[in-house]
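Asks: Numbering (my numbering), first residue to last: 866 to 1187.
Treat the hints with caution; some may be incorrect.
[Stated by the list, open to error] Think about it this way: if two alpha-carbon atoms lie no more than 30 Å apart in a straight line, the pair counts; the simulated DSSO-like pairs of lysine-lysine are:
hint	residue 1	residue 2
1	LYS1104	LYS913
2	LYS1005	LYS921
3	LYS1005	LYS1023
4	LYS913	LYS1005
5	LYS1124	LYS1005
6	LYS919	LYS1160
7	LYS919	LYS1104
8	LYS1160	LYS1104
9	LYS1160	LYS913
10	LYS1023	LYS919
11	LYS1160	LYS1005
Hint data in this document are derived by calculation from the structure and do not stem from the laboratory.
Here the structure is a predicted model, which is why all the values come from computation and not from measurement.
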Amino acid sequence: SPETRAVRSALLLWGYFIYNAVTNASQAATYLPMAILLALLNLIGDLKDETTNKCKGCAMAQGLHPTIYWAATGAAHVACLLLLVAFAVSLVIINKPPGLYGQQGETLPLFAAEAAVYACCCVLFSYALLVIFSVEMLTKWASLLTLLLGLLPAFLLKLLMFMAPTHAIICHIALSLFDPLYGLPGTIVFLNAMSPASNSTALVFEEREVSSPFMSMAAVPLYCSPFCAALLFAFLVYKERSGQVARPGEPVLAGNELKDSDVLAEERRLENNPTGDAVQYRGLCHTYVSEVEGKTLETAAVRGISLGIKEGECFGLLGPNG
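Let the hints inform the model, and build the full structure from the sequences given.
Replies: Written out as structure tokens, the structure is:
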């Protein structure tokens, strides 16, 4: 089937990227993040389908709490990316590339830890894109944004390490704090620079004398990525909570020319404060507010209805929508 062929092609492409990252140390900062970013683009496609099919709304209509929905969805997406991370780590253990593995495996724990944190940041980043952009905009710009934020900074960092090492370190710290897709590429760039086989600058060469990789510049993304992830998480929580608050628009009252004789008679009855009604509504209004193509749209759903329901009465309200 087309779905089976698509999955097979994606698996082969992921395997190709990860294998080349492990066997070609100079391109590891490109190939390995590219494999994870490819999975991220597939994840974004799944999120677009969920939005189009209103999966979250259907789940909440059945009584599922939004927190449980996002926790389960996020755990499933992180687990999918962690499978790629586990595959990459296993290949590093087998092939022992100098930068990612070290001489005796001393840099492997740092690489594995940052790859795991990177997977979580990627998932949060995809959720943030879904909140910021519409489905149509996300289809157009998701791939470009992912490549620009994930691969371009690492490429520029390589150039700065030879041209302006001090500026490279400053950029390395700033990107680790604020770019959720930079962590793993940045770590790989510095791990390769710390490798004895590397021809890096003297400033980075000093990193090779550090007692533990976790105390080197290569570990900066590992410590800064949680800050970036916390910012994304706080943004998502804010948008989720603000989205759950219904803010009605201005009330709209219907004129008497739209009301038949029964409606007018019921309004006059309620003006006399009758007894024996279980429920009474006077001038009930509700206007929905929605965002359509960046513009605020107000839809008057209830326009000044007045009615009373007597005790023990079976009552039904028939409108244009049923």
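Asks: Against the structure shown, which of the earlier numbered hints fail to hold, in ascending order?
Replies: Numbers 5 and 10 - these are the hints that the structure violates, sorted from lowest upward.
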